[in-house]
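My request is simple: use the sequences and hints to build the entire structure.
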Amino acid sequence: MTQGERRTPARRTVLGAAGATVLGASTALAAGTARADEQRAAGPARTPGRGHGYRSLPVPTVIGHRGAAGYRPEHTLGSYRHALDLGAHVVEQDLVPTRDGHLVCRHENDITGTTDVADHPEFASRKTTKTVDGTALTGWFTEDFTLAELKTLRAKERIPGTRQENTLYDGRWTVPTFEEVLRWAEEEGRRRGREIWLHVETKHPSYFRSLGLGLEEPLAKLLRRYGRHRANSPVFLQSFEPSSIQRLAKLVDAPGVVLLSGASSRPWDFVEAGDPRTVADLVTPEGLAWIASYARGIGPTLDLVIPKDANGRLGTPTALVRDAHAEGLILHPYTHRNENAFLPADFRKGTDPTAYGDAFGALKRYLETGIDGIFSDNPDTALLAAADLAARD
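Under the working numbering, the first residue of the sequence shown is numbered 172, with each subsequent residue one higher.
In short, the hints are calculated from the structure, not lab data. Hints may be right or wrong, so weigh each one.
Cβ pair distances, simulated, as ranges [stated by the list, open to error]:
(1) Ser464 x Glu336: 38 to 46 angstroms
(2) Ala319 x Gly486: 45 to 53 angstroms
(3) Glu336 x Pro456: 43 to 51 angstroms
We put the beta carbon where it would ideally sit given N, CA and C, even for glycine.
Here is the structure:
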């Protein structure tokens, strides 16, 4: 069966139902509850993704980026739960370590903008400047805190100027450990009657390994402890450093995804190893074949799928989707957001960068390329766009 043959029925059945649930519910919570009730009634054999691996997920798969970061402070249990309530098929976590080796969920180890650490005088002396992957940063960093110390902090909205409404939830949640997320996923799975899929990223793995805080081994240990280490486990493992995915592939069988940023950039582990290849080299047929030798997918920036012109407008799709599928790789590009500031120029509305633009129009262009999924800060919007696409098939 080819990739195209597999995609059409998945859209029309599973995803179409999910889209209808989002459309018909009066509130986001009601949408999640109604969908969970339907899945319980259907029984385990008919629940998408249950025990059958990533190929059983709806296509396009909607991945809640850092949870539902468009509506709640990112990487909090509240953000993760809201992503499920909105209908996300998969929820993303980014992992960084504490000084005592615990894996916690933060987009970056610099927690200056995502916690209230600056309001804690007892930690004022911890503020410092570090160079992470070649970039100098000044602030507070998770690797300088024990887990007990980190747990005294509260999470807050990272971009309050753009998402002022999210600041309503500042201070409501702590920084979760990945083990807490794994337990949460088990509880949510029982409550909703389905497996809860996770998309887990190792952040700056070479940097942390140089500090004696390697990410892959403790991550693999936790995955084994919670039964998410198998090829059909409900988890993706992702990294911008290919060597991290290669290392994980030797420890667990869960599917790996290589993240790809701008075409001219180089993965940091390539920089350290003196590997001259750029992302542009990795998205060639030869580069994709190399990735397929140890990974199951790629997570390219959306610009690698449809580049923008000099005016920031979407141009002609590249051959990346076709070439990746030819190597058996799935594509989970990042990141869709509703605000004008994050949309291609031809889909912005008005002049306010924080206002919502034509997110559905942009999503239509991206989904029509045949990508297998998309990371979204607004998973409900992405689900509706995917349902629209399914209705046209």
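Evaluated hints:
Distance hint for serine 464 and glutamate 336: a CB-CB separation of about 45 angstroms, consistent with the stated range 38 to 46 angstroms. Remark: the range hint 45 to 53 angstroms for alanine 319 to glycine 486 is upheld by a beta-carbon distance near 51 angstroms. Evaluation of the 43 to 51 angstroms hint for glutamate 336 and proline 456 yields a pass: the beta carbon distance comes to about 45 angstroms.
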